[in-house]
Amino acid sequence: MLNEIITVYAITDDLLKAIGHEDDCRREMSDAEIITTAVCAAMFFNGNHTQACCYMKDHNLVPGMLKKSRFNRRLHSNSMLMNDLFHQIGMILKEASDSPQYLLDSFPVAMCDNIRIFNAKLIKSEDYRGYIASKKRYFYGVRVQLLTTKSGIPVEFVLMPGSASDVRALKALPLNLPAGSEVYTDSAYTDYIAEDDLEYTSKISLKVMRKHNSKRQDEPFNHYIKQSTRHYIETVFSAITCVLPKSIHAVTYKGFLLKLEAFIFAFTLKQAFI
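Heads up, the sequence shown is in the numbering used here, so the first residue is 1136 and it goes up one at a time.
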């Protein structure tokens, strides 16, 4: 565990230096240590920040560890910084990837069980009530739209309300990919205008599984390639969802999103570098 934590800190600190980030000299704990502790909490302690802070302090990894309340405030103030670091790593992985193929899919993350929807306190909005067709049940939370390399390493993500459609999320993703890239998705991402725009402006091919009544039917060999890749998408995303705990404990909605981002960040680092 110690070697993994040191690796996470080294990567985080180098990325912060690369983007020209500077810490306030009066701070006892650097931003790299704050982000490293949050990522290690997701990686080893199921998102429990208190346990992660105690471990880092007891093993003298962070001698100037902050108290729980101050640590949470600093982490919240660094939420955008952690998001920027993830996308910096995503850019590195895109440039290093030897395959032009990417996988795009979504998975739900519930804030509470279905029976407790009306008692949810983190946020109250019908936009966050979504439906899981495969399980034939509703959930209350967010839907993670995740873009990964062919080997299953996340490079882009966006968090949408549970009721948001995949087509809506497709327009929210930056899709900052090299020209000639191919993005494989299921039929829920069917949007002919978006397909044409991506092909025309960015030279990105959106390989969508066609429905039986689609206006753009595939040739048999294209259908076979998409279908075989689709099975691989399910395997990759099942590995990602297995990393997440059954429930993410948070007091605020922003804290919930922060922990979810930390889990995705931790999974990316573990798959790519550790």
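To be clear, the hints were calculated from the coordinates, so they are not data collected in a lab.
From the three backbone atoms N, C-alpha and C, an ideal C-beta is built for every residue, glycine too.
Any given hint could be a false lead.
Stated by the list, open to error - Cβ pair distances, simulated, as ranges:
(1) Asp1248 with Ala1268: 48 to 56 angstroms
(2) Lys1202 with Cys1377: 52 to 60 angstroms
(3) Asp1159 with Asn1195: 20 to 28 angstroms
(4) Ser1363 with Asn1195: 46 to 54 angstroms
(5) Ile1250 with His1347: 15 to 23 angstroms
Said to hold, decoys possible - In silico DSS-like cross-links for lysine-lysine, where the CA-CA straight-line distance does not exceed 27 angstroms:
(6) Lys1405 with Lys1203
(7) Lys1203 with Lys1381
(8) Lys1381 with Lys1259
(9) Lys1285 with Lys1346
(10) Lys1381 with Lys1361
(11) Lys1350 with Lys1256
(12) Lys1256 with Lys1338
(13) Lys1270 with Lys1346
(14) Lys1338 with Lys1271
(15) Lys1306 with Lys1285
(16) Lys1256 with Lys1381
(17) Lys1381 with Lys1346
(18) Lys1202 with Lys1270
(19) Lys1338 with Lys1306
(20) Lys1270 with Lys1259
(21) Lys1270 with Lys1361
(22) Lys1285 with Lys1405
(23) Lys1381 with Lys1270
Okay, the hints, checked on the actual structure:
1. Asp1248 with Ala1268: 48 to 56 angstroms: Because 18 angstroms falls outside the window, the suggested range is violated.
2. Lys1202 with Cys1377: 52 to 60 angstroms: Since Lys1202 and Cys1377 have Cβ atoms about 33 angstroms apart, the given range 52 to 60 angstroms is violated.
3. Asp1159 with Asn1195: 20 to 28 angstroms: Given range 20 to 28 angstroms: holds, Cβ gap about 23 angstroms.
4. Ser1363 with Asn1195: 46 to 54 angstroms: At roughly 50 angstroms between Cβ atoms, Asn1195 and Ser1363 fall inside 46 to 54 angstroms, so the hint holds.
5. Ile1250 with His1347: 15 to 23 angstroms: 36 angstroms, violated
6. Lys1405 with Lys1203: 26 angstroms, holds
7. Lys1203 with Lys1381: 24 angstroms, holds
8. Lys1381 with Lys1259: Given pair Lys1381, Lys1259 holds - Cα atoms ~21 angstroms apart, limit 27 angstroms.
9. Lys1285 with Lys1346: 23 angstroms, holds
10. Lys1381 with Lys1361: Roughly 31 angstroms separates the two Cα atoms, so the pair is violated.
11. Lys1350 with Lys1256: Violated - the C-alpha atoms of Lys1256 and Lys1350 are around 44 angstroms apart, more than 27 angstroms.
12. Lys1256 with Lys1338: 44 angstroms, violated
13. Lys1270 with Lys1346: 21 angstroms, holds
14. Lys1338 with Lys1271: This hinted pair is violated, its Cα atoms lying about 37 angstroms apart.
15. Lys1306 with Lys1285: 21 angstroms, holds
16. Lys1256 with Lys1381: At roughly 18 angstroms apart (the allowed maximum being 27 angstroms), Lys1381 and Lys1256 satisfy the hint.
17. Lys1381 with Lys1346: Distance ~33 angstroms between Lys1381 and Lys1346 Cα, so the pair is violated.
18. Lys1202 with Lys1270: Roughly 41 angstroms between the alpha carbons, so the hint for Lys1202 and Lys1270 is violated.
19. Lys1338 with Lys1306: 16 angstroms, holds
20. Lys1270 with Lys1259: With Cα atoms ~23 angstroms apart, Lys1270 and Lys1259 stay inside 27 angstroms; holds.
21. Lys1270 with Lys1361: Satisfied, since the Cα-Cα distance of roughly 24 angstroms is no more than 27 angstroms.
22. Lys1285 with Lys1405: Status holds; Cα separation ~16 angstroms.
23. Lys1381 with Lys1270: 16 angstroms, holds
Checked against the numbered hints given earlier, the structure breaks hints 1, 2, 5, 10, 11, 12, 14, 17 and 18 and satisfies all the rest.
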